[in-house]
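Novice: Chain by chain, the residues run as shown.
2 protein chains.
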Amino acid sequence: MSSLLNPQRTIAELKALRALTSDAHGAQRVAFTPTWMKARQWLRQKLETLPVETHVDAAGNLWSTLNGDSEKCLLIGGHLDSVPNGGWLDGCLNILAGLEILRRLNAQYQGRPPVTVRLVDWADEEGARFGKSLFGSSACAGQLNLNEARGLKDKDGIRLPDALKAVGIDFERVPDSSLELKNAAAYLELHIEQGPVLLDLGLPLGAVLGTFGVERHAITFHGQAAHSGSTPMNRRQDAFLAAAKMAPEIYRIAERSSGGVCTIGDCTTKPGIVTSVVAACRLTLDQRHLDAAALAQMLQQAKAASEHFAHEGNVKVSWQRLWQIAPRPFHAELIALCDGVIRETCGTSHQLSSGPLHDAAAVAAAGVPTVMMFVQSLHGISHNPLEDTREAHLELSVTAFDLLAEKAMNWIQNKS
Amino acid sequence: MSSLLNPQRTIAELKALRALTSDAHGAQRVAFTPTWMKARQWLRQKLETLPVETHVDAAGNLWSTLNGDSEKCLLIGGHLDSVPNGGWLDGCLNILAGLEILRRLNAQYQGRPPVTVRLVDWADEEGARFGKSLFGSSACAGQLNLNEARGLKDKDGIRLPDALKAVGIDFERVPDSSLELKNAAAYLELHIEQGPVLLDLGLPLGAVLGTFGVERHAITFHGQAAHSGSTPMNRRQDAFLAAAKMAPEIYRIAERSSGGVCTIGDCTTKPGIVTSVVAACRLTLDQRHLDAAALAQMLQQAKAASEHFAHEGNVKVSWQRLWQIAPRPFHAELIALCDGVIRETCGTSHQLSSGPLHDAAAVAAAGVPTVMMFVQSLHGISHNPLEDTREAHLELSVTAFDLLAEKAMNWIQNKS
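Here the protein sequences come in this chain order: B and P. Under this note's numbering, the residues of the first sequence are numbered 12 to 427, in order. Under this note's numbering, the residues of the second sequence are numbered 12 to 427, in order.
If you're looking for bench data, these hints aren't it; they were derived computationally from the structure. Among the clues, some could well be false.
All copies of an identical chain are treated as equivalent in the list; a pair is satisfied when it fits inside any one copy or across any two copies.
Unchecked claim - Result set (DSBU-like, lysine-lysine): computed pairs, CA atoms no more than 30 Å apart in a straight line:
id : residue 1 : residue 2
1  : 164       : 281
2  : 314       : 281
3  : 327       : 281
4  : 164       : 327
5  : 327       : 193
Please read all numbers here as calculations on a predicted model, not as lab measurements.
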């Protein structure tokens, strides 16, 4: 099948899309804007050369279907939308690799593959304008909180329902998007890693185990302000010292957790002046793990550590949950398939979790067997015009992802 | 002599001054204001009952002189000025105890003690209006930076020279205040501790070894921002983690320093968001010690610790000096005298350093043998209407301070 697949064309199309939808500051395909609509129009022109049925669903997702012998569907997903000043790969690599796979399937199976194959361009994966990511895929997966979404506003005060109306989407009908998942038997997504793991290992591709669950909290230590000159060391209740002592333990918790990460991203102090012992110190803690039990344990250990160091420092500690989301482990058999095609293509594979969320997490939450493939990112930089991946790795990713689509079709047939 | 001394009168006068110059929010004797002028006028009326010569010097300090057999002078100093919403003791206890000592000396020596005794009410000790403390005593001690002082403005934009002119002081003549130190043979100052040391020990009085030197720096750790979800723990350059690991070591440095204190008063992070590893973490460090060599060693050890943890965390560290002042150790023989009279009065004494600065530090810097006596503060609170000291301790302080004045006169005579 490799002679029918042309990964070089995918790279050329990625560059053409970049030329069409970027300015000097990077990609500008923010969802629901004219530039995003232009990207979609460009994609639809490509799809028109294939015998596919294409439509936009109730949530603004673009579906393109190549009917097969079985009505069971293999879904391949991505997103053309970008953050403002974004990169050239995030989201579109998935779409354009999917387009190339539709071309290969059409050529190889004379327009009728063994199972139905559908390419979906999710609407507003990034959430750049309304601050809420995975809009289209969450709606499709029945995971969108309508009341919350109805109240979202952009920085100009425009409400999400009004912005959707301007591009022909009726907000109250958005949940109808879930009809699209009828007959969905598997979901595949290719994405740049957006992290340094494959780069550090010197590997082009990895099989993704799932998206991390997240526990996000503010931890505040409450001590007592005291003059820096007249208060002996043994008389202090120093909120910063307790927080500082806890920090290395938080990182040890992550290291003991087999694959989890913990990040203290912000530290603020009150009164926060050079001549006073810190009365209150607030840290933000972001904990992530693929395993729900391990995530819960990391949280419990962090709470215990905070209480230990608060007690040791004769201060109090309080916790406030900022956000949480459950882990979304992917489908074990599809992970094995993904791992296999990577070995076949590159000789070596690596299994890793995804820190960032992806549309695949929403689809997996809806119960569709799901897997993602990651391709190495250079510099570990994303959401930035400097985002990049070696062209040789992009070619390998299209080749391996196409192989995965083929094996996933077989897997769907064998499950029937 | 104790029958001639009336410490109860000092307490009554402190209360009268409070009634005259406070409102519901506390003392309002901010230097160069009408309320401060009123306090001074009240003091001058008290002094007029004694055979003393009273005048305001070129820097606005009020001097009241009881001439003695020797022209060598024992100076007793304090300050009527307060911070806005201040307490009833800070600065005035010294003045009113000094007034009571002048009364006792006048009575005991029939208006002519063995050495000349001078009470000085320093102008603007607090620096509440222009942000620069010890104005009058620094000017008298030849320690005032005239160019810096000339540019000082209050929050309404009024320049210090103009504010001084309004109360009859010619800024350009301020350095002439130093003429007042002619024949100064010793300087004594009684003050509330403004810290918890004597309270913790359950002691009324302590002999002060000197005022701390201060090294004040900003320490910035420079790491790398990275996504909290996609960056493995071993791949991070976390500026906050390096800063946090250093903090307990900073406190150990203080504990090893025999009497020094170190305070991390503020911590700020960049980008300071929950989803990013900290790229830059800035701490403020305030280090104080009575011994210049020990202070320098604390600073050197803190720098070494910062470099150790920066290296360990694969981040960089930079230092910026914010402020420094040298330690002002007091006169060993006067400290011994002070310690002796406290034992005589209370049975037990304690020697301690002063974290806050006092006018005594300026006088000591001018080479005048100096000592301070501290009386216990309740709650360790000062610069606040809650500032307080038990009346029994105030009485003991006046009694012991009077004894110290007597012994200091003998000491001055014996040195001649």
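Novice: For each hint given before, does the structure comply? Return the numbers of the non-compliant ones in rising order.
Specialist: Per hint list: 4 and 5 violated.
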